Amino acid sequence: MIKSTILNLIKKTFFSGIVIGSSLYAGGDRFYDYARVTYSEPIYEYVYEKVPNRVCEEVKYKVRDNYDDQYYSSGYDDSLGIDTLVGTAAGAVLGSQIGKGNGRVASQIVGGLLGAKVAHEIRNYKPRAYNKAYRYETRTECYDEPKRVEKKMITGYKNYFVYNGVKHFKITDRPINRVRINHTIEF
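Counting from 70, one number per residue, gives the positions in the sequence shown under my numbering.
Just so you know, not all the hints are guaranteed correct.
[To be verified] Derived Cβ-Cβ restraints for the label pairs, each shown as a range:
| # | residue 1 | residue 2 | range |
| --- | --- | --- | --- |
| 1 | 222 | 121 | 15 to 23 Å |
| 2 | 120 | 223 | 17 to 25 Å |
| 3 | 231 | 75 | 52 to 60 Å |
Derived from the structure by calculation, the hints contain no laboratory data.
In this text, all values refer to a predicted model and were calculated from it rather than measured experimentally.
Yeah, the Cβ is synthetic: ideal placement off N, Cα and C, and Gly gets one too.
Model the full assembly from the supplied sequences, consistent with the hints where possible.
Given below as structure tokens:
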């Protein structure tokens, strides 16, 4: 029993050695070498982005002034003046030209009242300023205007090295100190 166990152990060791040796021999046609990187240069890419940009402007507007009470409040005179008396007399004279008898007296009274009213209104008439009165207001108006911005971004690095007297480069995500070179020998 011990003899068979030792024999089995020798067989396993022998086959394991053959497998390991053959795998070492099979990988013997490939080897690696390293080269030192002389310098690394960043690779840039330009990216355009839309960035929100708030723009504000001062805008001048023409605004109408509506003063409805201007006509009635300022400069309106309720007193009787000479012009009102002249208007009464002129209205009475014109009224006497119409009608006969008591109708003439009534027309003189109505003519006098109308003449007084017209004369009084002419004296106090002022054109309404709110029809033509304008003023200017300045307002700030803001709006969003997208602005296109150019950004310079690093997308990788060119790592330069010299191997067997020839200058090469390898592109990587970050700068490196050395480059691994794979050699394969074919029979």
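Against the structure, the hints come out as follows:
{"no.": "1", "hint": "222 <-> 121: 15 to 23 Å", "verdict": "20 Å, holds"}
{"no.": "2", "hint": "120 <-> 223: 17 to 25 Å", "verdict": "20 Å, holds"}
{"no.": "3", "hint": "231 <-> 75: 52 to 60 Å", "verdict": "58 Å, holds"}
In summary, the structure agrees with every hint in the numbered list given earlier.
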